[in-house]
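Student: Starting from the structure of chain A, add chain B where the hints point.
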Amino acid sequence: MTKSRKVASVVAVLLIGGAVAAFEIAWRPAIAAIDPPAPQSFDAALVKRGRDLAAIGNCTTCHTVRGGKDFAGGLPVPTPFGTIFSSNITPDPETGIGRWPEAAFRRAMRSGVDRNGQHLYPTFPYDHFTNVTDEDDQALYAYLMTREPVRAPAPDNQLPFPLDQRFVIAGWKLLFLRRGTYQPDPTRSAEWNRGDYLVEGLAHCGACHTPRNALGAERSSAAFAGGDVDYWHAPAINAQSPAPVPWDADALFAYLRYGWHPDHGVARGPMALVVSNLTEVPDRDVRAIATYMAGVFGAPPPDRKRRGDEVLAQTKSPAAQASNTNTAGAAIYAAACATCHETGRPLPYGGVNLALSTAISSPDARNAANIVLSGVRPVEGERSPIMPGFASSMNDGQVVALLNYLRARFSDKPAWTGVEKTIETARRTQTVFMQTSPEPYNVPVDPTQREKP
Amino acid sequence: MMTLKVNGRDHQVDAEPDTPLLYVLRDDLKLNAAKFGCGLGQCGACTVIVDGKAVLSCVTPLLLLEGKQVTTLEGLGTIEAPAPIQRAFMEEQAAQCGYCIAGMMMRAQALLQKNAKPTDGEIRSELEPHLCRCGTHMRILRAVHRAVRLMDTANAAPLTERSTQ
Numbered sequence: 006m007t008k009s010r011k012v013a014s015v016v017a018v019l020l021i022g023g024a025v026a027a028f029e030i031a032w033r034p035a036i037a038a039i040d041p042p043a044p045q046s047f048d049a050a051l052v053k054r055g056r057d058l059a060a061i062g063n064c065t066t067c068h069t070v071r072g073g074k075d076f077a078g079g080l081p082v083p084t085p086f087g088t089i090f091s092s093n094i095t096p097d098p099e100t101g102i103g104r105w106p107e108a109a110f111r112r113a114m115r116s117g118v119d120r121n122g123q124h125l126y127p128t129f130p131y132d133h134f135t136n137v138t139d140e141d142d143q144a145l146y147a148y149l150m151t152r153e154p155v156r157a158p159a160p161d162n163q164l165p166f167p168l169d170q171r172f173v174i175a176g177w178k179l180l181f182l183r184r185g186t187y188q189p190d191p192t193r194s195a196e197w198n199r200g201d202y203l204v205e206g207l208a209h210c211g212a213c214h215t216p217r218n219a220l221g222a223e224r225s226s227a228a229f230a231g232g233d234v235d236y237w238h239a240p241a242i243n244a245q246s247p248a249p250v251p252w253d254a255d256a257l258f259a260y261l262r263y264g265w266h267p268d269h270g271v272a273r274g275p276m277a278l279v280v281s282n283l284t285e286v287p288d289r290d291v292r293a294i295a296t297y298m299a300g301v302f303g304a305p306p307p308d309r310k311r312r313g314d315e316v317l318a319q320t321k322s323p324a325a326q327a328s329n330t331n332t333a334g335a336a337i338y339a340a341a342c343a344t345c346h347e348t349g350r351p352l353p354y355g356g357v358n359l360a361l362s363t364a365i366s367s368p369d370a371r372n373a374a375n376i377v378l379s380g381v382r383p384v385e386g387e388r389s390p391i392m393p394g395f396a397s398s399m400n401d402g403q404v405v406a407l408l409n410y411l412r413a414r415f416s417d418k419p420a421w422t423g424v425e426k427t428i429e430t431a432r433r434t435q436t437v438f439m440q441t442s443p444e445p446y447n448v449p450v451d452p453t454q455r456e457k458p
Numbered sequence: 023m024m025t026l027k028v029n030g031r032d033h034q035v036d037a038e039p040d041t042p043l044l045y046v047l048r049d050d051l052k053l054n055a056a057k058f059g060c061g062l063g064q065c066g067a068c069t070v071i072v073d074g075k076a077v078l079s080c081v082t083p084l085l086l087l088e089g090k091q092v093t094t095l096e097g098l099g100t101i102e103a104p105a106p107i108q109r110a111f112m113e114e115q116a117a118q119c120g121y122c123i124a125g126m127m128m129r130a131q132a133l134l135q136k137n138a139k140p141t142d143g144e145i146r147s148e149l150e151p152h153l154c155r156c157g158t159h160m161r162i163l164r165a166v167h168r169a170v171r172l173m174d175t176a177n178a179a180p181l182t183e184r185s186t187q
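So the protein lines, in turn, are chains A and B.
Okay, so the first sequence: first residue is 6 according to our numbering, each after it adds one.
Okay, so the second sequence: first residue is 23 according to our numbering, each after it adds one.
Among these hints, one or two may not hold up.
[To be verified] If the Cβ cut is set under 10 Å, some of the chain B residues that face chain A in the computed set are:
(1) 39
(2) 64
(3) 77
(4) 78
(5) 84
(6) 143
Calculated directly from the structure, the hints in this document are not laboratory data.
Each residue gets a CB set at the ideal place from its N, CA and C atoms; glycine is no exception.
Same shape as in the complex, but just chain A (with noise of 0.2 Å):
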């Protein structure tokens, strides 16, 4: 054999091992399917159970579209990498999941592979759901299959090559998917544990406030210290919290429960439909998350304190004269924004003192712009927090000029930058955002929704 010969046999043979190796890793059986099962034939608690961990898991606001039947899928999911949309869940056989064995629906939420074998994109956080429980799993089943069936199929991908090849996700796995990242930890208490269990899974608080890195993964390092969702920040919460009062336990449970705090204002954008959700949960459930994430957020150093102390006597104070009333931005708030947020009329009907506002002292301009440009929309049939949008009557000067005002007034921050930018894009995408994402249907809390199946 000549040495060519023998680097040509070589390579072939690594070129054949390594395609085996990557078949190995990609490839997943197809799962038979069965007849969609009647639901009767689930146990009606069992279903019940999967409602409430639905609920937790936010399921229905990704796999819901405006206008669309529930958890019937089509959400177009924006990515740095091109936009997903999310797929029908409801038991419809032939574009949705009714013919999927529970043991296919435990893969898919376990390892991200549905069940013809297809490798699923990880906007699905089966990063996070790997962690829930077979019984968990079970119950979600049992929910989602008595769901009323809706025939949707979901539309298709927009990914560029080779992004749009399902055996790419294989490789994503390989470097992100970690089975097991929660274990319970004897030495704590039975509520922390079950505040860990959920959050590190099926509530999956990390997929939206956990920085991200260049493979779209979330940055274990940096678990909570603010991530990015659908055009909106999701402030960090960790020890590096922009909140100008820092979190603790009551104060999570009151603002998960309620969708809003005295001392922290009210949920939005993405996060009213979280509350939203939660809303169905019992306070066992909510208590846990608030106390797992109070131990996240971990005391605050005493300097923090001190100026969370100090923030909230000067709200409760009568309001100190602006030092720069004759700049625009302070002449646009006195006449715009001070008629609710300077009116002490308590939450969630009256706006919170922007002293308060984790969106004026977060690094970037986003949730104020989103905010100030688009309102809060009231709830259908609700008592909810309310405020008009005001894109249309202000213009991007104005509202440079007011953003830039309330950080200087109301924050111990430095100025923003790029103000000019994040507004023009928060005039373009949230239009898209308000036009896409489910509304949120249930806040505050209505309990006489609570034992409902």
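Tutor: Chain B only, in chain A's frame:
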């Protein structure tokens, strides 16, 4: 004193800069089409058009309107020569008590100026922030569809803009 451009005319307005546009329109300029409903920007009765966009005049302070063009229902047409949107609402008898109708017409007008052929879904989602307590929604929707057809054959621009063309 500031200059407010309403329906193609400049008005000298003697009001504080934080005065809501609605108060100036009704109290100073005697343009009473826009109504005070909730005062919180939640019902749509006070809607007027500012630079082509529907704006809630009850939560829009004067100081935001420097150099902008305000159009009220009075600027679209008259009793003798109603604008297509007004004719359409009359022909469909879309008003019951009528309190919300000026706001409905102004938002519909703003929609049709930027989108001459809206779908039913687009009309519904555009008018969604407007409340009507009488329940004439189906007639209102029919009126907007009728306005689309009328505008196909008529000049849709407000009277004031027509006269300057």
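Student: If a hint holds in the structure, say so; if it doesn't, say that too.
Tutor: Against the structure, the hints come out as follows:
1. 39: With a closest approach of 6 Å, the residue 39 of chain B hint holds.
2. 64: holds, 6 Å
3. 77: Constraint on residue 77 of chain B satisfied, holds at 5 Å.
4. 78: holds, 6 Å
5. 84: Since chain A brings a Cβ to about 8 Å from residue 84 of chain B, closer than 10 Å, the hint holds.
6. 143: Status holds, d = 7 Å.
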